[in-house]
Amino acid sequence: MSTETDDRSTYAAGPKVPNLVRAKGNEPSNFHTWKLQLKAVYQEKKLWDVVTGKEKSNIPVLVKSKTIPVQIDGVMREAKTIGNEAEYAQAVADNDAWVQKDRSAWRILLSCLDADSITYVDDCPTTAIAWSRLFSYFSAISSRESGAILY
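Mapping of the sequence shown onto the numbering used here: residues 33 to 183, in sequence order.
Be aware that one or more of the hints could be misleading.
As the list claims (entries may be wrong) - Cβ pair distances, simulated, as ranges:
{"#": "1", "residue 1": "Ser168", "residue 2": "Arg109", "range": "52 to 60 Å"}
{"#": "2", "residue 1": "Ile104", "residue 2": "Gln132", "range": "42 to 50 Å"}
{"#": "3", "residue 1": "Lys48", "residue 2": "Ala125", "range": "31 to 39 Å"}
{"#": "4", "residue 1": "His64", "residue 2": "Ile100", "range": "21 to 29 Å"}
Keep in mind the hints are simulated off the structure, nothing from the lab.
These numbers were taken from a predicted model, which means no experiment stands behind them.
Ideal Cβ positions, reconstructed from N, Cα and C, are used throughout, including at glycine.
Please put together the full structure from these sequences, using the hints given.
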């Protein structure tokens, strides 16, 4: 299936993913409709919480079990401290699933941005940060295009 269409959208990610069209001259941007259409794609793929930052990567600091010298009834002994290895291992496994979701969301986002728009997000470590940056930038432009006053 071709990824080039007359209506400036791509099918590479499965559902129809619209391309963001930047304003040129007096032409308005399609940001408002683009974000709504892309939100629907993310919701369908169960990635919206990753994109909005509601679902985050969460890995605790690893604290390993170890033995330490302690005095028990006047006698120095080795006692084992309890670590969080099991919790850490589960968090790493959970994080792998989150990373896969974030990568999927990132690929969808990049597939519908032009080269200039990609420069706004190319240094973002997560899709949520990229989405927020695009939202802030294009919301401001859309407001200026429509003559709205930003407070």
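Hint check:
Taking 52 to 60 Å as the suggested C-beta distance range, the pair Ser168 and Arg109 conforms, at roughly 59 Å. As the Cβ distance of Ile104 to Gln132 is approximately 47 Å, the hint placing it in 42 to 50 Å holds. For the hinted restraint 31 to 39 Å between Lys48 and Ala125, the CB-CB distance of approximately 33 Å keeps it satisfied. Taking the beta carbon of each, His64 and Ile100 are about 60 Å apart, not inside 21 to 29 Å as hinted.
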